[in-house]
Each structure stands twice: as structure tokens, then as C-alpha cells.
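When you get a sec, could you build the whole thing from the sequences and use the hints?
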Amino acid sequence: MSPSSSASVVLLLSGSLRAGSSNEAVLRAAQEGARTVRYAGLGELPHFNPDDDDPDSTGKLPCSVVELSAAIAGAEALLICTPEYAGTLPGSFKNLLD
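Using my numbering, read the sequence shown as starting at 487 and increasing by one per residue.
Don't read these hints as lab results, they were simulated from the structure.
Accuracy of the hints is not assured; some may be wrong.
Quick list of simulated restraints, FRET-style, between CB atoms [stated by the list, open to error]:
(1) N535 with A572: 21 to 29 Å
(2) D539 with I566: 19 to 27 Å
(3) V512 with N581: 15 to 23 Å
(4) R514 with S494: 14 to 22 Å
(5) G527 with Y571: 16 to 24 Å
Beta carbons: idealized from backbone N, C-alpha and C, even for Gly.
This is how it looks when you write it as C-alpha cells:
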């Protein structure tokens with residue numbers, strides 16, 4: 487997709503699982519005036535295991551991983567909003583990145 491495409495989509499990723507998160511509020515505000523898709527499956531991702539990351543060894547990837555990969559591939563850009571815990575990213579979001 488080209489940046490000028492009318493089909494451009496920004497994928498919104500929150501690093502917080504907490505209901506009422508201020509990070510979620512920022513992403514809701516970012517939806518104004520842009521074509522966006524919010525990813526809401528952070529809590530459904532399996533714990534990262536390199537052995538499971540190779541579809542040739544397991545036969546297939548977990549559905550939640552396939553859905554996240556498709557959402558990223560279909561987006562023109564990503565907007566990530568995440569809290570900081572002890573000077574780093576929350577564990578659930580690190581898991582998403584892995």
C-alpha cells in the first residue's frame with residue numbers, strides 16, 4: 487500500500503491489559519480523523535516459545551499469532567502506546583514483540 491492510498495490503515499497496539507488504561511484512552515483519541523484498527527488480542531497471545539514459532543516444526547502457528555501477523559501485514563503503520571514498568575515494557579507486551 488502506498489502512503490497516499492485511501493485504504494491506508496493504522497494498527498493501534500496497546501501494551502496494557504488493564505481495563506480503563508490511560509494507554510487505551512490515548513489510542514481512542516488517535517482514532518479521530520484516521521482509518522484505524524485496534525488490536526485487542528494482547529491477553530490471548532501464548533507465551534513465546536521459539537519451538538512453537540516455526541510452523542514447520544509444529545504444523546501450524548496458534549490462531550492468535552496468525553491474526554496478529556495478518557493485522558500487522560495489513561497495516562500501513564503501527565501506533566504503539568504502552569506503559570512503563572520498572573524502566574521497561576510490560577511482560578505481556580514484550581511477549582507480543584517476541
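Look at the Cβ atoms of N535 and A572 and judge whether their distance stays inside 21 to 29 Å.
24 Å, holds
Range hint 16 to 24 Å (beta carbons of G527 and Y571) holds or violated
20 Å, holds
Taking 14 to 22 Å as the stated bounds, is the beta-carbon spacing between R514 and S494 within them?
19 Å, holds
Quick check: does the Cβ-Cβ distance between V512 and N581 fall within 15 to 23 Å?
21 Å, holds
Supplied distance hint 19 to 27 Å, evaluated on CB atoms of D539 and I566:
Once the Cβ atoms are compared, 21 Å apart, the range 19 to 27 Å for I566 and D539 holds.
Checked against the numbered hints above, the structure breaks none of them.
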